[in-house]
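Assemble the whole structure, with the sequences as input and the hints as a guide.
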Amino acid sequence: MTATRQARLDHADRVLDEAIERSLFGTDPVSIAKSPPGAGKTFLVECAAAVAAGAPGMRVVIVTPGVSQLYDIAERLLAYRLPRIELAHATHRVLPPSLVGRIAASSGWSTGLNVGPGVIVTNVHLLASYLHQLGPGSFDLMIVDEAYQLAASDFMLVAHLASRVLMVGDPGQLDPVHSADTTNLEAGAHKIHWSAPAYVLDRFPATPVFGLPVTRRLLPDTSDLVQASFYPDLPFQSVVDPAERRLEFRLPGLVPGIDHALDAVAAGKSLVVVTLPGAPPPHQEADLDLAGLMAEIADRFLVRQAQWMGNRALTESDIGCIDPHVIAGGAIGDGLRQRGRGAIRVDTVERWQGLQLPISIVRHPLSRPSTPTGFDLEAGRWCVALSRHQIGCVIVARASVGDTIRDYVHGCDTVAAGARDSTWRGFEAHRTIWNTLVAQDRVFAL
Amino acid sequence: MNAFDDTLHRALARARRRALPVRTSSSLSPDPDVTIGIATIKIVTEEQIQAVAFGTLDRAPTVIVRLDPIGRDVSDLLPFARFLNATVQRSIVADAPMRVWLPHDVTLEALDVLGHRYWRNQTASAEIVRMGELCRVIAHEATIPGQQLVADATAQLQGHVVTGMAPIEEGHLHAILAWFDPAVADPLFEARERIRLPASGILPNTPDHPHDDRVDRLRKEAKSASGAYRQRLEAQIDAILRNWVQHEWDLMVAGRRAFLDLGLPSAGLDGLVKDSTKRVAYALTNGFFPARQPDHLAAQLSVMEAGQEKADHAALESDPLLRAQAMRAGAVVAGTVSAVRQPRPKFYPCDIDVDSSQSVVRLRLDDKVSIVGTNVTGVVRGLDTTPTGGTRVSLEITGGVRTQSVLSVGAGVELVRSAFAFVNLRALGVVREQQSWIFYGDTAPTIAARPSTGQSALAIATAARRP
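One line per chain: the protein sequences are A and B, in this order. FYI, in this note's numbering the residues of the first sequence are 1 to 446. FYI, in this note's numbering the residues of the second sequence are 1001 to 1467.
Keep in mind that the hints were calculated from the coordinates and are not lab data. A portion of the hints provided could be inaccurate.
Partial list, computed: chain B residues near chain A (C-beta under 10 angstroms) [unchecked claim]: (1) R1292; (2) R1328; (3) T1385.
Quick list of the computed label-pair ranges, beta carbon to beta carbon [stated by the list, open to error]: (4) Q1435/B with F375/A: 32 to 40 angstroms; (5) E75/A with Q1435/B: 30 to 38 angstroms; (6) S422/A with A1015/B: 34 to 42 angstroms; (7) Q1293/B with E75/A: 57 to 65 angstroms; (8) A417/A with A1015/B: 37 to 45 angstroms; (9) I1092/B with F375/A: 37 to 45 angstroms; (10) A445/A with A1011/B: 45 to 53 angstroms; (11) A1324/B with L78/A: 42 to 50 angstroms; (12) T1123/B with H92/A: 50 to 58 angstroms.
Predicted model only: the values in this text are computed from it and were never measured. Even glycine gets a Cβ: it sits at the ideal position worked out from N, Cα and C.
Here it is, written out as structure tokens:
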């Protein structure tokens, strides 16, 4: 390990220590830890919970926005010796098999929970449904995991339950999802539709913020581009040793274009683009040729016997396809099954959030007919799509994407005056990333 | 509807020269007994109403023309204020829902501005203030998805049919109506002719119809005129405004008639009607209070989201066409019951498997679902791929266990996720009591420091890890 990398790691450790020290023992009731992709935010949550439930003897509650996240964090905490580890979920839910028999699980809230030092993991809606059994000071510390996915309006329901709150999350990812139009709320003094940390910082800018300064997932070239495009306020660098993330193919390339792109990944370019000529078909729900290409790329990784050097041969579970749209994703799934690669996971960006894997194959969200919509340009969605991979990400698009970006005209009336324009922010990210990839000869045209 | 279907329908509508329904159910409940209409003409630059037509829809409207719409004297609006209040009183006394038809959303904006202008105006009469408050209630309710108070004729037609025009052209109610009129031989030509004159609550101002400029000039002239000459000028203003607000009214009535003539059933909207009626009745009785406090804003957001979910769910439940579209996106799963595990028929426990040919499904483990068209509800307990590339959904039945018609092997079913649609008012009440400083305070408090362990968190966590 180089001295530089070690210094970055040491710095990251100090930030983590300081964030936990201040949020557990300091005089600020709320602290925020901002984390880029793969910085170890779940590890921070684990450490904070382990420290708090230890000698200080705190009653800790870890609150997640959704239930899948609570199962994940509960499983991670089982690796620690804690005085108490409990889980509470809704009455209609069934514990995942991996947790059965390993954790004290409660359907709903019951009076036997949260007694003495220890940790309980639950989701915000469950806690909000049992406020009549809880009250201020029910917990000594509340850790809000994936806090940037939790709307302030939801956090509000449970905010009074603990005297100390540590929010941990990734500010570059998708904002909380609202099914209703929140435009009118943007003008209010209380932006309760924003994420909980964004709301807190809007009202109390002096709230202590700790930015985790490294990514342990993304290779330096991806990290630099993702940081510059999506995290203007959160400087971070990769501490990944490229030598430990090398890919090699047992079989040489045969398919022009596709295999050139794969070889570029093997040569250390962790972000590349493969384009099909022309524009997406205007009257189809899915670009079937593009979906087929994504399936073929996934197949080529395996046909050429890709090896994670010093680690293992890649299998179907090491590759994932990301498509912003369910129907287009279905077409990719069909293509994979036709190639006998049905175990390769295809899902939307929302479903990939929080996960990582060696190889991701991503459909470019602007590779679609007609003018890009706010959904296509959403910065958080593009950020998540480009930050799941540990070794390589192949973006797949029609060649027309370059023109789409060049010709895009942003409406000046997309948001209320003075409001944040996340669509414009997303477009800027798209433009930066595309232009960079073109300039660095990472676009492989078929 | 996706872009492809939309384009296909438009091409078909153009070929058939008539509007085509894109839904088989209505998103709007039948008009209640207390149903009125409002149409307005505003001054574009001032956002002031200069003419308003109002009344019940079975007779000619009452028309108010404002000769001085930007003056401080608003007594000319009193008939409208009294009508609105009387209508509301009828609804309150009858404890029945109310409906307000408007030609388009520009009228709604005009009422909203009118409401903002007068609902707290201390120099206006009590009747005008009440009118302002009622306008605000109407405009606010219109922001809630699934609401049943305001019926925007243009939006209703846009939501239930497509024409052979481009979507942007369908913002023009008069143009849309060309596609409903059997007497119109070429609706595309006719619609584009109609688009030359606005249908957006303003006076036309084209070279051949310079009414806006003309009214402006007449007003200026009338200011310095007197006697019979002034009366003639005012009569001209009156005639122009009366004619165009009547035109707006007629469009609204024709739009409503076109919508009703679609004959779409409005099943499944009872919950939305009940919610909307309750909200409106409360506001009409207790007054309008805009959300400012964080808990009120959170409640408002929850109500909007619940409304959206309920409206989406009701549409899927009652509209096979929408379900077919949702199936392609995996939001509805159609399949056949392939196994029933029910030790005692018609009793719990009961688990079933549903095999679907759909490879794309958006259901997840522990999702609550219902079987469309039945009272059967369940929870998703398993999702597996079938040998043919489809999906097997395993359900634990939690309701309607006696409905053997669908809880039998071979029965065809459609699964749709149940709407969460829950506004946790009880929790929001606790929030209001507790007044957490994060949401109600102006400064962050300082809390007492706790004694530090003096050790690195990393070291402590490492030591706590199981071997």
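For each hint, the structure was consulted:
Taking 10 angstroms as the C-beta cut-off, the interface hint given for R1292/B holds, the closest approach to chain A being about 7 angstroms. Given hint, R1328/B at the interface with chain A, holds; its Cβ is 6 angstroms from that chain's nearest Cβ, closer than 10 angstroms. Checking T1385/B against chain A: minimum C-beta separation of about 7 angstroms stays under 10 angstroms; hint holds. About 37 angstroms separates the C-beta atoms of Q1435/B and F375/A, a value consistent with the hinted range of 32 to 40 angstroms.
Take E75/A and Q1435/B: their Cβ atoms lie about 36 angstroms apart, and the range 30 to 38 angstroms holds. In this structure, S422/A and A1015/B meet the distance hint of 34 to 42 angstroms, their C-beta atoms being roughly 41 angstroms apart. Between Q1293/B and E75/A the Cβ separation comes to about 39 angstroms, which falls outside the hinted range of 57 to 65 angstroms. Between A417/A and A1015/B the CB atoms are about 44 angstroms apart, so this pair conforms to the stated range of 37 to 45 angstroms.
For the pair I1092/B and F375/A, the supplied restraint of 37 to 45 angstroms holds, since their beta-carbon distance comes to about 42 angstroms. Checked against the hint of 45 to 53 angstroms, the pair A445/A and A1011/B fails, with Cβ atoms roughly 33 angstroms apart. At roughly 45 angstroms, the beta carbons of A1324/B and L78/A sit within the given window of 42 to 50 angstroms. Between T1123/B and H92/A the Cβ separation comes to about 57 angstroms, which falls inside the hinted range of 50 to 58 angstroms.
Of the numbered hints stated above, those contradicted by the structure are hints 7 and 10, listed in ascending order.
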